[in-house]
Amino acid sequence: MSYFPCTVAVAGFSSNPEVSFVVANKSATWWLYADWVNSNSGASLSVSGGPLLLSQLKMKADILTFGFADSFAASAADAYMSPVTSPHGGLVMPTIFAFNLHVCRNGTIPLELSLRTDAPAIAAFTFDKVTWYPITEVQTQIQWPN
Amino acid sequence: MSSSSSQTNYITNEFCFMIVGSSLANMGSTLQVSLFADISQGPAFYFQALDNHMHTGLDGTGLTLYGGDTNGTALSTPVTLLDLRSRTIKLTFNKPTNAGNKPIPDFNFNLFFWADSTLVQPGTPVYLGLNVDGSVECRYGWTHGDAPGKLQDNVSTMLSWGKNPQ
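Those protein sequences? They're chains A and B, same order as listed.
Going by my numbering, the first sequence opens with residue 1, and the numbers climb by one from there.
Going by my numbering, the second sequence opens with residue 1001, and the numbers climb by one from there.
Just so you know, the hints here were simulated from the structure itself, not pulled from any lab data.
C-beta atoms are modelled at their ideal positions from N, C-alpha and C, and glycine is treated no differently.
Warning: the hint list may mix true and false statements.
Below 20 Å or equal to it, Euclidean Cα-Cα: the simulated SDA-like pairs (lysine to any residue) are [unchecked claim]: (1) LYS58(A) / HIS1144(B); (2) LYS58(A) / LYS1163(B); (3) LYS1090(B) / THR1124(B); (4) LYS58(A) / TYR1127(B).
Only some residues are given here: those of chain B computed to face chain A with a beta carbon under 10 Å [said to hold, decoys possible]: (5) PHE1036; (6) LEU1065; (7) LEU1082; (8) TYR1127.
Take the sequences, apply the hints, and build the full model.
Below, the structure written as C-alpha cells:
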C-alpha cells in the first residue's frame, strides 16, 4: 500500500462551477484519501487558494466535488490566470484553487482521473506541484511518483 | 452507522459538526473554528474523511460540507480554509452571503471519527475540544446531518462515543 500527497486544482473559469475529480477505480486500486494514517507530516486534507470561497465539498473514495460561492463568481475570471505551459512542457497552474489530499495505491495500475464540471474550467493534478497533469473530461492517465 | 474489525482493530462512527445558522448572524467578517481530539482527558480518536479503512469506501459516504439540509445545498457561509488533520480540524468562514431576511442555514460538516477498538467502544467517554473566535452555537451528533448535542466554546466537551445526548 502506497500513499502519495497530491493536489488537484482548478483555474480559469468565469462562473461558479461545481467541479468533480473522478477516479477510475474499477479494480479498487486507487482511491482518494484524507485520513490520519499518512498525515503525520502535515494536513491530510486542506483547501487553499486566493479569494475563492468554497461553497460545497463532498469527498468519497472515488470522487471529490467542490463548488464555489456565488459572490466570487464574477471576479474569478479576472483574478485567476489560465494555466500556461512551462518550457519543459509541463502545465503550470500559477493562480489556483488547490485541494491538497492523498491518493492511495494498491497495485501497479496507473492512476486515471477525469473531470466533471457544469461550467468551463481548467483543472490539473500534481504530485509535486512541479509537474501538472491537465485533467479533462477524458480519462487522464497519470504516472505515479517513484 | 458504526463498525469495527478485529483485523484492523478500529471502531469508526459517523459524526456531524454543526454551527447553528442563526448564531452566525452577528459574526464579524470571518470566523475561525478549531476542533480537536482532546486526548489529555480521554482516549485518542481521529478525524477521517471516509467510512472505511481502504478498499471499500467506494460506495460509502465521505466527508461533506453543506448548508441547510442533507441534499448538500451550497453554503451561505462559505469556507476560506479547511485543514483536516488527524486530531485537529481548522475551518475559517467568511460572513454569510445571504441577503435580506432569509434565515441563514445551519452549517454542517459530516465526517468520521475513528479510534482503537481496544480503547473505545460505544459509550466510551471521549473529549472533543472546540475553539472559536466568536460567539456561535456549535452542536454535534453521531449521525450525519443530525446534531442534537451542544458543544461548549473554548473547553472540551465529553461525548459518549456513538451515543447522542438524551
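Verification of the supplied hints:
no.: 1; hint: LYS58(A) / HIS1144(B); in the structure: holds (13 Å)
no.: 2; hint: LYS58(A) / LYS1163(B); in the structure: violated (25 Å)
no.: 3; hint: LYS1090(B) / THR1124(B); in the structure: violated (25 Å)
no.: 4; hint: LYS58(A) / TYR1127(B); in the structure: violated (26 Å)
no.: 5; hint: PHE1036; in the structure: violated (13 Å)
no.: 6; hint: LEU1065; in the structure: holds (4 Å)
no.: 7; hint: LEU1082; in the structure: holds (4 Å)
no.: 8; hint: TYR1127; in the structure: violated (17 Å)
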